[in-house]
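Novice: Could you build the full structure based on these sequences and the hints that come with them?
The opening position of the sequence shown corresponds to residue 933 in my numbering, with each subsequent residue numbered one higher.
Among the hints, a few may not be true.
[What the hints assert, rightly or not] Computed Cβ-Cβ distance ranges for the label pairs, DEER-style:
(1) V1243 <-> F1334: 23 to 29 angstroms
(2) M1309 <-> V1097: 54 to 60 angstroms
(3) E1088 <-> V1202: 34 to 40 angstroms
(4) F1334 <-> P1246: 15 to 21 angstroms
(5) P1377 <-> E1419: 55 to 61 angstroms
(6) S1237 <-> E1107: 28 to 34 angstroms
The set of hints was computed from the structure by calculation and includes no laboratory data. Backbone N, C-alpha and C fix where the C-beta goes; we use that ideal spot for every residue, glycine too.
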Amino acid sequence: MSEPTNGSEVPELPEAVAASRRRRGPQLVWIIPLVAALIGGWLAVKTLLERGPIITVSFTTGEGLEAGKTKIKYKDVEIGVVKSVALAKNRAGVVATAELAQQAESLLVEDTRLWVVRPRISGASVSGLATLLGGSYISIDVGQSAQSRRDFVGLETPPVVTMDVPGRHFMLRAEDLGSREVGSPIYFRRIQVGQLVSYDLDKDGSGVTLKVFVQAPYDQFVTENTRFWDAGGVDVKLDATGFRVDTQSLVSILVGGIAFQTPENPVVPVRAAENATFSLYANRELALKNPDVVAETYTLVFRDSVRGLSVGAPVDFRGIVIGEVTAIDVDFDPETKSFSMPVEFRFYPERLRGRMREGAVAPRDVISGAKERLNFMVERGLRAQLRTGSLLTGALYVAVDFFPDAPKAEMKWTEEPVEFPTVPGAFTELQARLTRIVAKLENVPLEAIGADLRRTLKTLDQTLQSSNQLVKRVDQELTPELRTTLEGARRSLAAVEFTMASEAPLQQDVRETLRDLSKASDSLRALADYLERHPESLIRGKREDTP
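Specialist: Here it is as structure tokens:
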């Protein structure tokens, strides 16, 4: 509005009137943040309520572990993920912190085991090849304990047998581990029924304890009388039945193996308890042979060499093993200034005892009976002798047999240990005989015999020369005369042949003479007949015949 220019009056301004303020309601723009806050809070509460347990796992190395990527699986189902990996406080390893799903709460018990699954190649198996593409992950083997746990120590190698596999564990005692390792197979009648789970050296260092697992239902065949033996490698035997090669499988040759069997027994077998302890034998033959309850120790004293005899060599009685060598020593006698070889062996008298129909015999009765039998047999020449068991290896064994011509001996039961009588070995006796023959040959006057032989040969040479001269003389002097004589004999034979010919005059004259002789014989026969009829004609003469 412009002011007036001609001096006119100024108009009045309007009076301001205060108006009351009107109240406004809530604006819709604030509803969205409120709803978002409520949803966020609900999600946060839901996340906290659904959040799974947090665990820590200690490993010696962080190989294959990566925060945010390494998964935790149970039966190949993902149940968690590793959140962080950090060094342990003592720097002896790493600690992996992982978050698991809420449904994995029941899996976290005292004896649950965790390990990193990565590619592994061992003598017994190959595992974890799938991780070459998908990456390493942590696997869980749920335990059977009821106590909950959140911190674990991871395994460096995966367990051979998981806890959900039915079966039983057993303990085996052995002198050494041999060629076996974790995962080596367990066989029953050449069927793989289990594996070697673990092994530990005994606290006193005297042996090794092996823990094996036999799967169900094969674990029912493990009884209190079951025998385990080493089935690794190849068992080669060469005996009277021929050449034999025995092995369980190709795997047992490479990584070793263990087999078991229960000997036949009329008594009903009792199933072995969990973690029952058994002895592990070196081979099947030792495992299945009958146990020897009674054992006696004796000493053999040999004067000959024991080269080829070793501890464990059999003591044989006509093909039956009745003991084994336990020690070999050397002894010097200051009185005789000679050496002897004492050999200690363990004798099992039950092996010489016949089977009794009435039942078993008490050990004391077996021992006393064995002493009486040994005294009886020693009196009749029972002796021990070293013999060669193999011409290829030169191994020796102790043979017990009867030698009727052996010197008298007896068992001295008061001595400790008791000495068993011996005789020299066959080779030693042969060597002694050869020595005696050589000694006799040394006493033979070989020089005089040689001189006589030379003279005899010289005389024979002279005789041969004389014979040669005689032959030459005969050839020069007698041969012409013999030739002339032979010519005369030939002519004489020709004349005789001519004379004896059928047309020869002599043959004709002989025939004529023979005919005349035949006629004369007929006349004499007629005269004899006439005289026999008319004997008076010798006095009166022949009567004339009447007409």
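Novice: Could you tell me which of the hints above the structure violates, numbers in ascending order?
Specialist: Checked against the structure, no hint fails, so every one of them is satisfied.
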